[in-house]
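Colleague: As given, the protein sequences belong to chains A and B, one line each in that order. The working numbering puts the last residue of the first sequence at 511; the count rises by one with no breaks. The working numbering puts the last residue of the second sequence at 511; the count rises by one with no breaks.
It is worth saying that the hints were derived from the structure and are not from the lab. Heads up, a few of these hints could be off.
Any copy, or any two copies together, can satisfy a pair, since identical chains are not distinguished.
[Unchecked claim] In silico lysine-lysine, DSSO-like type, Cα no more than 27 Å apart, as pairs:
| no. | residue 1 | residue 2 |
| --- | --- | --- |
| 1 | Lys95 | Lys221 |
| 2 | Lys177 | Lys206 |
| 3 | Lys261 | Lys482 |
| 4 | Lys20 | Lys482 |
| 5 | Lys476 | Lys238 |
| 6 | Lys144 | Lys116 |
| 7 | Lys170 | Lys116 |
| 8 | Lys144 | Lys476 |
Read off the chains here:
Protein chains: 2
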Amino acid sequence: MKLQITQLNSRTLNFEYNVKQAKSILKNANEDVMTIFPELALSGSPLYETVLYDNVSKQALASAESLCNERKSCIVGMPLHNGNEKLNALLFIVKGEVIDAATKRNLTAFDRSFAKGNGFETARYENETIAFGFETDFEEFAAKGEKVDVVICVANNVFEVNKQQETINKFIPAVRKMACKFVYVNRCGAEGQFVFNGGSFVLNEKGNLCDELPLFEEETKIVDTNRLKLFTQSPKAKIEKMYHAVILGLRDYFIKNNISKAVLGLSGGIDSALVAKLAVDAIGKENVTGVLMPSEYSTDHSVKDALDLVNNLQIKHFIIPIKPLYDTALSSLNEVFANTQRGLAEENIQARLRCMVLMGVANKTGALLLNTSNKSEAAAGYGTLYGDTSGGIGLIGDMYKKDVWEMAKWLNRNGVVIPENSITKAPSAELSYGQKDSDSLPEYSLLDEILTLHLEGKMDREQILVKGYDSQTVDKVLHLLKINEWKRHQCCPCIKLSSHTFGIDRLMPVS
Amino acid sequence: MKLQITQLNSRTLNFEYNVKQAKSILKNANEDVMTIFPELALSGSPLYETVLYDNVSKQALASAESLCNERKSCIVGMPLHNGNEKLNALLFIVKGEVIDAATKRNLTAFDRSFAKGNGFETARYENETIAFGFETDFEEFAAKGEKVDVVICVANNVFEVNKQQETINKFIPAVRKMACKFVYVNRCGAEGQFVFNGGSFVLNEKGNLCDELPLFEEETKIVDTNRLKLFTQSPKAKIEKMYHAVILGLRDYFIKNNISKAVLGLSGGIDSALVAKLAVDAIGKENVTGVLMPSEYSTDHSVKDALDLVNNLQIKHFIIPIKPLYDTALSSLNEVFANTQRGLAEENIQARLRCMVLMGVANKTGALLLNTSNKSEAAAGYGTLYGDTSGGIGLIGDMYKKDVWEMAKWLNRNGVVIPENSITKAPSAELSYGQKDSDSLPEYSLLDEILTLHLEGKMDREQILVKGYDSQTVDKVLHLLKINEWKRHQCCPCIKLSSHTFGIDRLMPVS
Chain A
1 MKLQITQLNS RTLNFEYNVK QAKSILKNAN EDVMTIFPEL ALSGSPLYET VLYDNVSKQA
61 LASAESLCNE RKSCIVGMPL HNGNEKLNAL LFIVKGEVID AATKRNLTAF DRSFAKGNGF
121 ETARYENETI AFGFETDFEE FAAKGEKVDV VICVANNVFE VNKQQETINK FIPAVRKMAC
181 KFVYVNRCGA EGQFVFNGGS FVLNEKGNLC DELPLFEEET KIVDTNRLKL FTQSPKAKIE
241 KMYHAVILGL RDYFIKNNIS KAVLGLSGGI DSALVAKLAV DAIGKENVTG VLMPSEYSTD
301 HSVKDALDLV NNLQIKHFII PIKPLYDTAL SSLNEVFANT QRGLAEENIQ ARLRCMVLMG
361 VANKTGALLL NTSNKSEAAA GYGTLYGDTS GGIGLIGDMY KKDVWEMAKW LNRNGVVIPE
421 NSITKAPSAE LSYGQKDSDS LPEYSLLDEI LTLHLEGKMD REQILVKGYD SQTVDKVLHL
481 LKINEWKRHQ CCPCIKLSSH TFGIDRLMPV S
Chain B
1 MKLQITQLNS RTLNFEYNVK QAKSILKNAN EDVMTIFPEL ALSGSPLYET VLYDNVSKQA
61 LASAESLCNE RKSCIVGMPL HNGNEKLNAL LFIVKGEVID AATKRNLTAF DRSFAKGNGF
121 ETARYENETI AFGFETDFEE FAAKGEKVDV VICVANNVFE VNKQQETINK FIPAVRKMAC
181 KFVYVNRCGA EGQFVFNGGS FVLNEKGNLC DELPLFEEET KIVDTNRLKL FTQSPKAKIE
241 KMYHAVILGL RDYFIKNNIS KAVLGLSGGI DSALVAKLAV DAIGKENVTG VLMPSEYSTD
301 HSVKDALDLV NNLQIKHFII PIKPLYDTAL SSLNEVFANT QRGLAEENIQ ARLRCMVLMG
361 VANKTGALLL NTSNKSEAAA GYGTLYGDTS GGIGLIGDMY KKDVWEMAKW LNRNGVVIPE
421 NSITKAPSAE LSYGQKDSDS LPEYSLLDEI LTLHLEGKMD REQILVKGYD SQTVDKVLHL
481 LKINEWKRHQ CCPCIKLSSH TFGIDRLMPV S
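Whole structure, please, built from the sequences with the hints as guidance.
Modeller: Set out below in structure tokens:
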């Protein structure tokens, strides 16, 4: 049979847009082609609590009816009313008639407001038996041992840097055992923090890869399940995949929230430099404004490095020194601060004044503030709440400092865009004289290794010590991680890139 | 049999403390008494991802062994290793020997890192059959129709203002059908945003209430299941329950996070006045500092009302006018703001400067900033991010404005504590001359009604219109709610009081 794999980039609850996209694909399809859309293609996703409202499933139903009017064959996902229950459903439509529906049984966090459905269904089509359903329900279906010709598995699979190959590999043993063809259709595009990476694929009866659609691109491709040929992947490097995920994530965040302009603070450091470059690539240099906010603690090269970046990227910029604000703040707080030692309170004030300035620029110019915190800082709580943790969306919040450096170097591979000095100099928050990140934190190379073992590797203190790390350093890292949980409850959401994103995959007790 | 119901207030992952509490209760128990501790009593809860670390289940096991050394009988909850799986378990211990264990099968959001267990178990004890397990697994067990004498159901039930009676009523039909005694043991105390309200109870074979432990108090009570007598409840008013929940929530937040001092901004308005009073009741007047930050847009009565409150509560205060800061901010931002109309950007700057001042006081004095936003504001996005939405924990973030007024009046029932003028005057953010909340929002009485229908009642636009509300107002409220989802992703967490708390029960797509 001829299947048209369609990794659609739906817009959440924008039924009109989604149906229009889906219909134009059906219109162009021949009569003998069955189009496969991803999970919740008609409504977009994640839907969370929105599905509890009757109008959502009503609109979904109307959209499905409109799709049927094309009189074509397709499998399409949408929220479905069933009495009082709302189900995550997949309609099986043949020449405009709904002949069957599968409903999702193994629900995920995205499906938190759906009721539990029935799992995979089978249907006869062109003299073959098709099993169709959701990725999370496949394991249960495979365990039944039913004989089918083709399995169609739709998904809502979120990008994680090492996941695509794991996803493919996960299905191979069951497909071999079932000796069936296997078609996996994943959505593409981003919603909030989540990037759906496409990468739909086809396996033959032996579990060999016979097709893979591109990552990060909305695409449609017709596959004839009776003429499958082996497919050779051209794998991308880790940093390259992360880059494309961030670009798609930011671009869709702006498109789907109807925002065009971004603003960010430029410290001359590597983090803000990388974010500025990513923003330029995602939404265009004409839409990005950098704000330099030097203080008395800023070094000369900070301003120079930031200006070099501005020149390289050709973006607008403002220079707004914060000394007058800082002096006024200290004088306003004199009654409280008098006769105390200068410390964290004074450092945080500078970061918060910068946030106030940036939000002032953002509010006045209708721009969104981009957050520039990285994962290592977020882990260690090395940031000021309502200061540099602020912003509408974080671009590098799921990247360790080592990844930040690596991506900056990769982006400079064909010529310097990010100033070399921003890459090579020792990281500093510049909130007091001569301050270096390494005064408060272990060296990033060490910090990142310990964090990776603990966060992604789920190793506890003893297990990390066995690896040979110094106990004082390990204790310091784990302590910083723990005492800053509360802070991460209010940090800017960031684009998810790893298997262990703060605020999504790591939820911790506050106390 | 004699059961000692113990609604323990465990501390998260503080095994030493929890075991000490549990052992002291066992020490005082007679040999013929079986003590019932709540879900996860040895570890505290919610545990979220912490259970993925081996040291957590190791410590739990050591704690259980220590408990067994008392040679008493008890049922106690803890995380349990089973190969690579971590289970939410309930040990059945008779005279210091573990004779059985139930593992939780129907997992909740708190259990997100636990693997699925087996549900209820039954055991023979004193010639009777006891079924024991978790609240969420009871329905499945009841459906089996097994004949048992006593059901013991442990819970981790979070306070919601109308929930206690619902919880009791929910079990009655099944208990009648099973004709068994039913003992429900809920934990007490708070963790982060969640208040566990105790209120453990006992039903006889007819489903009649035979005992109910106090709400909001850690308590132990011996019940002889062979001598049950009918029990008459003394129900508390809604506002009184909310009050006690906030007090317990805030007190435990401070105790468990090892914080003693609080700071908050006092505007002279009702919200901050109520929060100040609640803080004084929870952590003592000597630990609460109010900061008045008048601006050129503040009315005379604002300062007077705030000072009246300070006097009534006898708390420390600072007066830090923000005009010098605001003027400096406008002058710093002149290049960006020149030739634009004064608007939201300028209003937000004031709120953000106040946040900077409050956090300065908090950081310098080692205090926690209390958030003073209410649920109506949060719904409508009527607040400034990194401004008045800031704070470590919100006390009234799950209370509509109508509840704020009602609680203030209730607290004044024996004499004025919260200045009458704060209660009676028209709410205003005072960010520009003559500003009133009602300039931007529908009247709170109307706003709160529409929000309640939509949020708690899950009514969509059409269903609300059928109730007779004006379509313009309904559209405005639903629009404000939608466009401010992103803002609520970064708001200060608040103590959960209702069935529909922002950030917990309502998660929405950003786009």
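Colleague: Next step is simple, just say for each hint if it's right about the structure.
Modeller: Hint-by-hint comparison with the structure:
When the C-alpha separation of Lys95 and Lys221 is checked against a cutoff of 27 Å, the pair qualifies only within one copy, where the shortest distance is 19 Å, while the shortest distance between copies is 68 Å. For a Cα distance limit of 27 Å, the shortest separation of Lys177 from Lys206 inside one copy, 8 Å, qualifies, whereas the shortest one across copies, 54 Å, does not. In the homo-oligomer, the alpha carbons of Lys261 and Lys482 lie at most 27 Å apart only across protomers (21 Å), although the nearest pairing inside one protomer, at 36 Å, exceeds that limit. Taking CA atoms no more than 27 Å apart as the test, Lys20 paired with Lys482 passes between copies only; the shortest distance there is 23 Å, against 48 Å inside one copy.
Taking the shortest Cα distances, Lys476 and Lys238 never come within 27 Å of each other, neither inside one copy (29 Å) nor across copies (45 Å). Proximity of Lys144 to Lys116 under the C-alpha cut-off of 27 Å is found in both arrangements, the shortest distances being 19 Å within a copy and 20 Å between copies. Taking identical chains as interchangeable, the C-alpha atoms of Lys170 and Lys116 lie at most 27 Å apart whether they share a chain (24 Å) or sit on different chains (21 Å). For the homomeric pair Lys144 and Lys476, neither the shortest alpha-carbon distance inside one copy (50 Å) nor that between copies (51 Å) is at most 27 Å.
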